[in-house]
Amino acid sequence: MNAAKPILSVSDLTIDFSPGSGRLPAVSEVTFTVQPGEMMCIVGESGSGKSVTALAIMGLLPSTARLTGGMDFDGRDLTRLSRRQWQNIRGREIGMIFQEPMTSLNPVFTIGRQLVESIRHHQRISPRAARARAVELLDKVGIPSPRYRLDDYPHQMSGGMRQRVMIAIALTCSPKLLVADEPTTALDVTIQGQLLDLLNQLREDTGTAIMLITHNMGVVAEVADRVTVMYSGQMAEQADVMQIFDRPAHPYTRGLMISTPNLITTLHRLTTIPGTMPNPADPPPGCLFAPRCDMATPACDAGRPANRALSDTHLSACLRAEDLQGALTR
Amino acid sequence: MAGGIHTDIPDDETGRLGRFLAALRPFTRSLSFVVGAVLFGFVVLVTLLGPFLTDVSPSALSMRNRFQPPSWDHWLGTDNLGRDMLARVIYGAQLSLMIGTSVVLLNAVFGVMLGALAGFYSRLDNILMRVADALMAFPAVLLAIGIAAALGPSSMTAIIALSVVYIPRTARVVRSSVLVVKQLDFVLAARAAGATDLRIILKHILPNSMAPMLVQLSFVFAYSVLSEAVLSFLGLGAPPTVPSWGILISEGRAYMREAAWLTVVPGVAIAVTALGLNLLGDGLRDVLDPRMKVAEA
Amino acid sequence: MIAYAVSRLLQAIPILFLVSLFAFGMIYLIPGDAATVMGGPEASAADLERIRENMGLNEPFLQQIVSFYVNLLQGDLGQSLMLGTPVLDAIIDRTPITLGISLYSLAVTIVFGLLTGIVAALNHNKLLDQAATLFALIGISLPNFWLALVMIVVFSVHLGWLPTGGYVPFSESPMGWLRTTTMPALALALLQAGLLTRITRSTMLEVLSQDYIRTARAKGLTEWQVIGQHALANVMMPVVTVLGLILSVLLSGSIVIEAIFGIPGLGALMGNAILSRDFPLVQGGLISIACSLLLLNIVVDVLYFWLDPRVRIKGGD
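Protein chains in written order, with our numbering: chain A, 1 to 330; chain B, 1 to 297; chain C, 1 to 317.
Hints should not be assumed to be uniformly reliable.
Which bits of chain B does chain C cover? Going by a derived footprint, with three or more residues having C-beta under 8 Å, they are [said to hold, decoys possible]: (1) 150-156; (2) 231-242.
With the Cβ distance kept under 10 Å, some of the chain B side facing chain C (calculated, not the full set) [to be verified]: (3) M136; (4) A137; (5) F138; (6) S227; (7) G246; (8) G252; (9) M256; (10) V264; (11) P266; (12) V268; (13) V272; (14) T273; (15) D282.
These are calculated hints, taken from the structure and not from any lab test.
The C-beta atom is built at its ideal place from N, Cα and C for all residues, glycine as well.
Using the sequences and the accompanying hints, generate a full structural model.
Here is the structure:
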């Protein structure tokens with residue numbers, strides 16, 4: 001792993017919900033790190049457990065969730081925080097933005113109020129200074145005429161604008177980590193690009209690390225520094241972005257990349273990964289991906305493959321990672 | 001919830017009965033529905049079978065047996081004229097249920113019809129809703145009492161008065177539902193296929209507006225039972241010769257000190273019936289409401 | 001907002017017209033001879049003729065409607081047969097009494113209903129919630145006049161804490177007023193509080209599952225701020241709409257409750273008028289009450305309009 005100390009370190013994180021979602025936990029022994037100031041993307045389909053992981057890091061899981069494993073943020077153990085301590089960290093040291101900008105802002109409060117509330121909650125600052133700071137933040141996220149937007153209500157803004165406001169709110173106290181759960185999925189494609197650029201720019205300006213959750217490999221290609229691929233609640237692969245794209249070490253990752261439509265090379269039918277995600281009530285005995293994998297061997301069904309380090313920065317949960325990489329090498 | 005779609009229908013019961021039973025299953029999951037059904041079912045049962053179980057007449061006087069508190073001989077005691085309270089309460093139930101059922105039926109026919117027409121034809125909507133609003137501007141019980149006073153006390157009066165009061169409300173509920181359903185794509189498709197308005201309303205829109213309608217009808221039944229009690233308490237409902245629950249309470253009022261059960265018992269009967277119906281309504285709403293909240297995962 | 005209020009008032013005019021029409025038309029519902037019904041079994045032929053003259057029953061139909069409306073617009077609601085005084089005066093006399101009890105009852109309803117609903121929602125599916133839900137259900141299932149009688153038996157007859165009835169004006173003795181109005185207010189409040197609890201609870205549950213509540217928590221706000229500000233602000237609106245219904249139920253209930261407790265208020269007036277077939281009074285009362293409720297509902301609507309920015313300000317999306 002990198003020599004620098006990670007801002008977030010998750011190890012063997014396992015989360016399940018007590019009125020049981022079958023015997024398959026939502027998240028199972030997931031391990032990854034986020035370095036300070038980097039853009040780490042977590043990729044996976046619906047049901048891969050990526051959102052649950054994000055909520056866990058914010059301490060926003062419902063009370064029916066049970067969590068084991070380690071979550072370490074900036075030297076603090078997140079698994080042992082009191083409610084008070086969580087309230088201190090949320091919004092100040094870890095920020096979060098969500099997928100649905102249309103419903104994530106309170107419809108009966110002005111956005112100015114929602115911003116100022118965040119600012120004044122974590123800092124002792126006068127209302128006027130807070131308003132000035134709010135204007136500053138809106139400007140930073142690229143909202144035109146910020147001073148006049150403070151008194152607008154959310155329904156008066158478009159989805160893209162609302163998402164920018166969410167980002168502004170998340171960044172009020174210059175957090176060390178920003179968790180972004182599919183922030184662009186609900187927006188138009190044209191706006192997506194703008195928003196990603198904005199996030200990247202902010203990251204560079206403020207040094208905030210970003211944990212970006214997405215199901216879109218295109219997004220990953222555009223902004224990621226490092227990537228963690230999740231499948232059905234488990235980690236499939238983790239690597240630098242170039243490594244993931246040049247030499248993927250897990251058949252699922254390869255499948256994801258092949259099935260992403262490409263304007264230039266896709267002239268035939270869309271390629272898909274055959275099969276569906278495992279039924280939580282009846283999971284496969286070994287590697288969860290094995291039933292859908294064209295490289296599966298009997299060894300793959302024997303037991304869950306451990307995370308293996310292929311290099312300093314590259315982890316894979318596939319028994320045949322080297323074979324795959326060898327086959328893909330041009 | 002994870003997993004695929006399960007079908008619970010056993011192989012040997014795929015007939016109509018089997019499908020009917022399978023359709024009932026989700027209702028059993030709602031505690032409200034089950035308890036409500038049990039309570040109301042109990043009331044209905046007692047009402048229907050009661051006269052066969054007790055051979056005491058509700059109007060049999062017995063001056064020797066006046067003011068008996070509840071005992072083995074008279075489960076609910078006797079009143080100021082020695083009449084058996086249990087018998088009187090049972091006959092009172094018959095009246096309440098009869099009136100309630102009539103009001104609900106009238107609501108089901110006219111309320112639904114008017115609501116569907118208002119929802120479907122926007123020109124009619126305006127007029128119909130104005131009339132409905134005007135009727136609803138009068139407090140429910142007040143209007144019922146007023147109408148009953150004009151028409152003179154009788155069961156029929158109670159039925160008419162309560163229907164006039166509640167039909168606008170039912171119509172509103174149906175109208176809202178129709179307004180939503182008529183925008184849905186399958187209605188457009190039916191229209192494009194050349195279906196007549198009547199056919200669209202009957203075959204497509206109404207079946208899909210069932211849920212709020214059924215819920216509303218349960219509550220209307222409950223309100224009817226309660227309002228009828230008020231009417232007869234004031235002497236505006238069924239004539240005093242028929243022992244309706246409201247009249248029982250009114251008669252018992254004079255003897256509250258000595259014979260409190262005369263007042264308490266009919267009230268409890270009303271409360272149990274209304275409670276059962278309200279629970280049924282809640283249960284129906286729980287089961288039929290498609291806006292299910294998704295659990296966070 | 002003024003524009004909205006004005007438009008609602010204008011919309012109410014046709015309804016007011018219909019309302020008065022219904023009230024007017026009531027007389028024609030009476031099977032048989034209206035004058036006989038009104039005069040009662042002991043009226044002499046002269047009495048009946050007087051009634052007919054007063055009510056204008058001898059005149060052609062069209063003329064009756066016209067005079068009715070002419071009088072109405074001048075504020076003349078006719079003479080009460082029972083009291084012999086103008087209807088309007090009788091109503092104005094009694095209104096403050098009913099108003100006082102209604103406000104008392106409303107206060108109890110709102111405080112109790114809101115609190116219970118919120119607490120229930122916050123403790124969803126746990127004991128407090130089930131207790132509150134049960135309580136609300138019982139509240140809407142009990143006949144309130146029966147409850148009043150039971151309360152009298154318990155608190156007046158057996159415990160002797162409160163008088164069995166009567167009314168003491170507040171100006172005469174605040175304590176006396178309190179003693180004579182508490183049971184009526186509570187008997188009325190039960191049904192209303194039940195309704196309010198149910199709607200508050202379901203609205204609160206819905207609001208709590210919304211995304212913006214999750215955002216508020218993600219900002220690190222305390223639970224007090226999340227519930228007390230973000231959630232509550234969104235709950236108030238649907239709750240305000242129920243107020244109209246509650247007011248209506250309140251007036252309905254007053255008729256019987258005032259009769260039971262012997263309170264000389266508007267409800268008792270209406271009750272007596274109806275029972276003695278004093279149709280001018282019934283008509284006048286119905287019109288006054290319905291109009292007041294319509295106006296109150298408009299106030300409620302305007303309040304809602306003011307509270308909900310989505311309705312107030314058109315969005316540009």
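Evaluated hints:
1. 150-156: holds (count 3)
2. 231-242: Three-residue rule met by the stretch 231-242 of chain B, so holds; n is 4.
3. M136: holds (8 Å)
4. A137: holds (4 Å)
5. F138: Holds: closest Cβ of chain C sits about 5 Å from F138 (chain B), inside 10 Å.
6. S227: Holds. Min distance 9 Å.
7. G246: holds (8 Å)
8. G252: holds (8 Å)
9. M256: This interface hint holds because 5 Å falls under the 10 Å limit.
10. V264: holds (7 Å)
11. P266: Check passed: Cβ of P266 (chain B) comes within 8 Å of chain C, closer than 10 Å.
12. V268: holds (9 Å)
13. V272: For V272 (chain B), the interface hint holds, since the closest Cβ of chain C sits about 8 Å away, which is under 10 Å.
14. T273: With Cβ-Cβ at 8 Å, under 10 Å, it holds.
15. D282: holds (8 Å)
Taken one by one, the earlier hints all hold for this structure without exception.
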